[in-house]
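Student: Here the protein sequences line up with chains A and B, keeping their order. So the number in the numbering used here is just where the residue sits in the first sequence, counting from 1, plus 16. So the number in the numbering used here is just where the residue sits in the second sequence, counting from 1, plus 16.
There is no bait here: all hints are sound.
Pairs of lysine-lysine, DSSO-like flavour, derived with a Cα cap of 27 Å:
(1) A:Lys116 - B:Lys119
(2) B:Lys111 - A:Lys83
(3) B:Lys18 - B:Lys81
(4) A:Lys81 - B:Lys81
(5) B:Lys111 - A:Lys84
(6) B:Lys116 - B:Lys83
(7) A:Lys116 - A:Lys18
(8) A:Lys116 - B:Lys18
(9) B:Lys18 - A:Lys111
(10) A:Lys84 - B:Lys83
(11) A:Lys116 - B:Lys103
(12) A:Lys18 - B:Lys103
(13) A:Lys18 - A:Lys84
(14) A:Lys83 - B:Lys119
(15) B:Lys81 - B:Lys111
(16) A:Lys111 - B:Lys119
(17) A:Lys119 - B:Lys84
(18) A:Lys81 - B:Lys119
(19) B:Lys105 - A:Lys18
(20) B:Lys103 - B:Lys90
(21) B:Lys83 - A:Lys81
(22) B:Lys119 - A:Lys90
(23) A:Lys18 - A:Lys111
(24) A:Lys90 - B:Lys111
(25) A:Lys116 - B:Lys111
(26) A:Lys111 - B:Lys116
(27) A:Lys111 - B:Lys90
(28) B:Lys111 - A:Lys81
(29) B:Lys83 - A:Lys83
(30) A:Lys103 - A:Lys116
(31) B:Lys119 - B:Lys90
(32) B:Lys105 - B:Lys90
(33) A:Lys18 - B:Lys111
(34) B:Lys116 - A:Lys84
(35) B:Lys81 - B:Lys119
(36) B:Lys81 - A:Lys83
Quick look at which bits of chain A chain B covers, simulated, 3 or more residues with Cβ under 8 Å:
(37) 30-39
(38) 99-110
(39) 116-122
In short, the hints are calculated from the structure, not lab data. The structure displayed is predicted, hence computed values, not measured ones. Even glycine gets a Cβ: it sits at the ideal position worked out from N, Cα and C.
Protein chains: 2
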Amino acid sequence: MKPIASTPQPPYYAVIFASLRSGTDEGYADTAAQMMALASEQPGFLGVESVREEGGAGITVSYWKDKKAIREWKNHAAHQQAQRFGKEKWYRSYKIRVSKVMKDYGI
Amino acid sequence: MKPIASTPQPPYYAVIFASLRSGTDEGYADTAAQMMALASEQPGFLGVESVREEGGAGITVSYWKDKKAIREWKNHAAHQQAQRFGKEKWYRSYKIRVSKVMKDYGI
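The task is simple: from the sequences and hints, build the whole structure.
Tutor: Structure, rendered in structure tokens:
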């Protein structure tokens with residue numbers, strides 16, 4: 017995965033997922049990789065950026081064409097199962113923020 | 017810094033800063049710490065989350081009350097100087113996205 021996503025001209029949507037891992041690794045790495053691959057196949061997926069410090073804090077930002085695409089990915093069966101494990105086992109805490117990107121720039 | 021920011025009820029604004037560091041460290045850590053401290057003193061600042069993998073990719077998301085607060089921080093003199101060094105020395109590439117947070121949830 018490239019560290020900086022190539023997204024189209026705004027407006028589009030960003031889901032900001034900030035998390036703190038628990039001490040439980042069971043199944044985490046495999047599921048995280050699967051969810052990344054599966055998300056990127058969803059209709060309306062535009063890109064993703066993800067950074068995690070060893071065993072600690074992480075931020076993943078996924079980009080989407082519209083709110084419908086975000087809702088459908090949230091409700092995807094395999095993703096729902098991963099969300100349950102995430103809540104029960106893998107994360108000490110997390111926060112998800114759904115936002116609309118109005119402008120972007122960079123080098 | 018806590019890994020997950022305590023932000024008020026939406027709506028509010030998020031500035032998503034995804035970056036890839038260059039090999040040049042000169043002054044980087046000090047300036048990064050100064051900018052984090054200075055940002056948190058600005059009017060309208062609501063919180064920040066920041067994760068960086070060793071020498072590589074990083075994501076910092078700062079949260080703001082309104083677009084005016086974002087604009088004023090962008091134009092702050094010390095921050096402008098840091099932005100110049102960032103562009104010239106510290107980052108291989110980066111992308112900044114300004115977005116409006118419509119909802120949030122978590123555990």
